[in-house]
Each structure stands twice: as structure tokens, then as C-alpha cells.
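Chain residues, written in single-letter form:
There are 2 protein chains.
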Amino acid sequence: MTRAFNFSAGPATLPEPVLKQAAAEMLDWHGSGQSVMEMSHRGKDFMGIRNQAEADLRELLAIPANYKVLFLQGGATLQFEMIPINLLRGKPAADYVYTGVWAGKAIREARPFCQVKVIASSEDRNFSYAPPQSSWKPNQDAAYVHYTANETIGGVEYHWIPDTGNVPLVCDMSSNILSKPVDVSKYGLIYAGAQKNIGPAGLAIVIVRDDLIGHAVPTPPTMLDYKIHADHDSMFNTPPTYGIYIAGLVFQWLKQQGGLAVMEQKNIEKAKLLYGFLDQSRFFRNLVKKQDRSRMNIPFTLKDEALNEEFLKQARARGLQQLKGHSSVGGMRASIYNAMPLAGVKTLVNYMQEFEARFGK
Amino acid sequence: MTRAFNFSAGPATLPEPVLKQAAAEMLDWHGSGQSVMEMSHRGKDFMGIRNQAEADLRELLAIPANYKVLFLQGGATLQFEMIPINLLRGKPAADYVYTGVWAGKAIREARPFCQVKVIASSEDRNFSYAPPQSSWKPNQDAAYVHYTANETIGGVEYHWIPDTGNVPLVCDMSSNILSKPVDVSKYGLIYAGAQKNIGPAGLAIVIVRDDLIGHAVPTPPTMLDYKIHADHDSMFNTPPTYGIYIAGLVFQWLKQQGGLAVMEQKNIEKAKLLYGFLDQSRFFRNLVKKQDRSRMNIPFTLKDEALNEEFLKQARARGLQQLKGHSSVGGMRASIYNAMPLAGVKTLVNYMQEFEARFGK
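From first to last, the protein sequence lines are chains A and B. For the first sequence, counting from 1, position 105 maps to 105 in the UniProt record's numbering; every step adds exactly one. For the second sequence, counting from 1, position 299 maps to 299 in the UniProt record's numbering; every step adds exactly one.
Take the hints with a grain of salt, since some may be wrong.
No copy is singled out in the list; a pair is fine if it fits within one copy or between any two copies.
Here are the computed lysine to aspartate or glutamate pairs in the EDC-like style, where the Cα-Cα straight-line distance is at most 20 Å [stated by the list, open to error]:
1) Lys44 to Glu309
2) Lys186 to Asp211
3) Lys313 to Asp45
4) Lys324 to Asp45
Just so you know, the hints here were simulated from the structure itself, not pulled from any lab data. The model shown is predicted, which means the values in this text are computed figures rather than measured ones.
Isolated chain A (complex conformation):
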């Protein structure tokens, strides 16, 4: 068996020890005679798995006691809709920051539910930066302020937390959650699809401050009401049990690595290696403003776009997979989440050096 270095933006590479443990336990979890997939979600074994996963996530992110952790289905996309349904609290409008494809989707899905006010945007320079807070034009009567902590396609990341005063800050953290420590108390709500830094697709995690729960619009679909899920510890209906189990294994792996401060250093080192190469290259380049560059998703282009297919083909031959950029922006993209080892980035940079030496005349 040969494991590839998988640069997919999501679903994405997972830690090899997690996959090994999942394979070893597939037919018989801890002597139970069952796969986790086969366990009743209300039984003692699965409840233990679920509770340990939540406890580990709370420890990793130092989540304050007045925040609920919800394990939901429907991905970040369903959250785009659940957020206005639950957080408007009778107000007519919400503030959004527009920084690319994913912020745009959040905005589009919110429009049927409220007046969306775009208070800052990076559209003027092709979504290549994070608008500084000094440029934001917030509304005092906004129900909340929504922003996208990391644009997976554009490769733009906030390396600071916005200050929105008393207006709850809502953050799509899908593609950089758990990549560094974060002060949860600055947020009203954090959400993330699991399929990048957490686990398999089909699980979404919502971290929400107590006082924001219980204010949904009248008679929402029950499954779209945070209060229902919070009141039932995310067991109102059968949760995605296997996804929660894998996420729990990832949380344990993160703790074994030393926690999020250690992960942040590793992620800085990996990103520095690739950006450092890109910045001295005369063939490859990344156009994101330096201070706003993502540590998770690094888009880059070749000077000669006609060589794109050749670049991808030779990469695959070396076990470097899923480097093709998103169709909406073209070029290449290397997603280097927590589970991508430094060795993967080194192998990629070595390959890019050789490719440039051969084709970059």
C-alpha cells in the first residue's frame, strides 16, 4: 500500500494513525463485537464516544462553559440558512463581509430570510485580501456580523479576529478550524463543515453561545432550530455516528500532537516553505496579499498555463494528488490542512523546483 500526498481542499487528507485505528476497529470496537457504524446512538458505547469527542473538542479550543457544541448534518451550507433562521431575533438585517466564493454563498443563502448588508468586500481586487476592520461599515442594528475566516478557493485567511462590539460575531471556520488556537469568547457562533480539518463529510460542528439559542423565527422546520438540537444534545434524531467517531479520533490525534498551539507552529512552517518557494520563483506565483495569505489553502499559477496538464500529470506520477485549482479560478491549489505532513509540502516544493528548472525557461 502506498499513501499519496493528497492536497484536496475537502473532503481532505486525514491523519494516517486515525485511519489505521478506524480500520483496526471496523469489525469490533473495543471488544464490543460491533462496528461503531452498527451501534445504537443511544447506547452506552456510542454515548461514550460522543461525549469524549465533545470533551476533547472543548479542551482543544478551550470552549467556555456558556457555549453549546452541536454535531449536525447538512454541512456548512445548511448553516448558511440556519444562521438567519435562528439569529435574527426579530431584527430585519444582518451584516456580511464579502471575501470570495464561500462568503458569497453565505450571503446568497441568507437573502431570502433578511436584509443582507455587505459591510466590507474585497471584490475590488479579485478577492485577494481580507478587508481590514478599518474599512468595515457596520450597522448598529444588525442582528449579527458574518465573515468567512478562510476562503478555501481564494486562499485568503484572517489572521485577526474582528471586533464587533455587542453585535454577535458569526464565523464560517470550515477550512481553518483547529489549525490554531482561537478565542471562542469573541464569537457568538462558529460553524464548520467537518470535511477539511475535522473528519468525514456529512458532519458539521456548531459552537454557539447559550443566549443566542431559542430565538428562531416562528415555527421553523424543527431540524433547523438550534434549540431543538441543543435541548437534545444533538440527538433529536439519529446523528451521523460514524462521522462523530472519526472526528473524535482526530481530536485525540490533535491532543497527542500537543494541541493547537503546536499545530499552529507546524502549519506556519508548512505554509512558509511553500510561500517562500513561490515568492522566489519566476515561474509559479500566488497573488494573495502577503499578510492575508491562507495557511490552509495555497492557490498558485504557472507562468505558462499551457503546462497545467503536464504539471498535474507529473505530480500524480509522484504521488502528489488533487493539486488542480477550483474550476472558478483555475490554476493550482495545494490544501495543506493539519493532516498534511511537512514531508508532503517538501515533496511538492522539490517537484515544483524540478518542474521550473525543466520548463521555466
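Assemble the complex: chain A is given as a structure, and chain B must be docked to it using the hints.
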């Protein structure tokens, strides 16, 4: 490793060959160097897995070409809400048949969206039978008629398909789908949570006739609109990829068994063995009307309820797990889905015989 006989109602036992294959492929699917969990959902490998799963399901159930197959999240519970949101088509009311806990949940979730008319019920005899069609009082102007093909908790199953004329028939088939051949063309819509006869929790399958798609209420949450999912081949957002993969392996296993006609014979044989024992026992009994008994979920009680804990304890010691009945009805329940081998039912019956001989004086 010792595998238990797992009688859980769901999540439930899966075919051992499926779990073995999933374990063997966990780190490297077919030489791709990746787990299925790590694959981009839009890549060639996963698209192949998804398309094969749909093709196999279509073959198993002989699904006509004018029906769409959707792979969704949120379980059957979200369908309780999506059905009225999508199928009312401007009509104010829908007909429901009330046969137990699950039909009751479908009714409760539909009430905020339409006038629910209960056209038949088995509440009069503690939900111990399926109301015969002659007792139904349908409304000609109903948007659809909803029924629950198998009550997982009550152990009541329809062994016939209702005839609702031109009014679309909608069926919650969560706990008996794929247990026998079914004439899909009699239905407007069939839905099922995966965690019983299909695969892991977190995946729901919807089989819906073309002409019923595209009539959702104005501006529904996008994720609750069948048309969005149908137009995007269930890839509007990242689908629960690993669940779809496991479901696909289950479909292949079902084909290897000989298809649904063969599965039906096996399921009849297993059910006959257990009901046959129950009916001659003076200690155990099942109270469901004989012609409406479920082949999938068989609830039973002990004459002396004080022995319940002892029965469960000794069962566990023999590797017979999850026999405790649902808390709302008490007693015991043996769920014997497709993946429960005949040997499991034999072992259970042998144990029950011994238990009765010892305690049933």
C-alpha cells in the same frame, strides 16, 4: 475478534463482508493512495462510487427511469419536513395514516406546513395492526397520502401497497426498504434513513417521481428543496461521501445474495422462526396482529417483567446484543434486518427456549 449478533433497531448490524472490505480499503481505495473519506466528492474516483451506488440501487429496486434518486442528509426526520415543503403544490391539506411512533412523528412535523388529515389510525388497539385500506377515509383534494411501511418500534408492517388513485402515495420505508421487491411505480415518493437496511446513519435516500419535483413553497431554505438536489445530482453541497460508499457496498452485497426476491425469502424464514417460537411459547409473546407482523422488528414481552434484566444480561453473555425494547413500549425487540444471518435468529431462539425452560414455570 468475536462478532456479536446485534439486534439493534438502528443504527444496525451490517453485512460482515461489507465491513471487512471497508476496513481493507480504509487507507488505500483501489490503489488510489487515499481513503474514500479523503476523496474530493467531485473527483473521478468518488463520482464512480456514487454513480455505481445509484445504478445498483436502481437495479435492485427496479426503479423506473422517471424517478430521481437523491442521497441526502438529515435522516428521515428532515424528510418529515421536506415532504410538505415540496409536495403540497399549493394544496392546503395532506392525508396521513397513523400507525405508531414513526407515523406520529411524520404527522407532528408536517402540521406547521399544512392541514394534516388523519384518514386512518390503529391507535384504538395500541398500534398493533395496519389499518386495512377499506377503513381509510381519503380526501380527494389531499396533496398526497403518507404512510409508514414498517413501524420500527411497534413491529407492524404493511404487506400490501395502498392504492390512492391519482393522489401521490408517500412512504417512509426507513426500516423495511430493500427487504423485499417493491413496485416503485405505485409511489410518488419513497424515503428512508440509511441506518437500518442501507448503511451508516447520516445518509437518507429519497426516490421521487419527476413530476413531483419543482413545486416547493416559495423561497424554501435551499437545502430543503428537492429540485436543488435533483438538479445537482445530490452534489449541491458536499454529500456524506463515506456513507454513500458503504451503502454502495451493501447494494453490491445484496446483488451477490441474489437480489431482493432472495432477501425476501431469507427474511420470511428468519421471521417465521422467531414468530413460530413466540406463538407456541407460554412465557414470551408478541401482540401484533398476525397478518401485519413486521419481518424486520419483532417486539416481544416476558410473562414476568421482573426477569427483563436477567434476560438481557444472559443474552449479552451469549453475544446477543441490543435486545432491549424501545423505552416507549418496554419489553424486548429483535431487529432482524437483511444483515442479520439466520444463525443469529437460531441462536436467539435457542437461548429463549432455554430461558423459558429455566424461568418459565
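Now the hints, each set against the structure:
Taking identical chains as interchangeable, the C-alpha atoms of Lys44 and Glu309 lie at most 20 Å apart only when they sit on different chains, with a minimum of 16 Å there against 52 Å within one chain. Proximity of Lys186 and Asp211 under a CA criterion of 20 Å is satisfied intra-copy only: 14 Å inside one chain copy versus 48 Å between copies. Taking identical chains as interchangeable, the C-alpha atoms of Lys313 and Asp45 lie at most 20 Å apart only when they sit on different chains, with a minimum of 16 Å there against 46 Å within one chain. When the C-alpha separation of Lys324 and Asp45 is checked against a cutoff of 20 Å, the pair qualifies only between copies, where the shortest distance is 15 Å, while the shortest distance within a copy is 41 Å.
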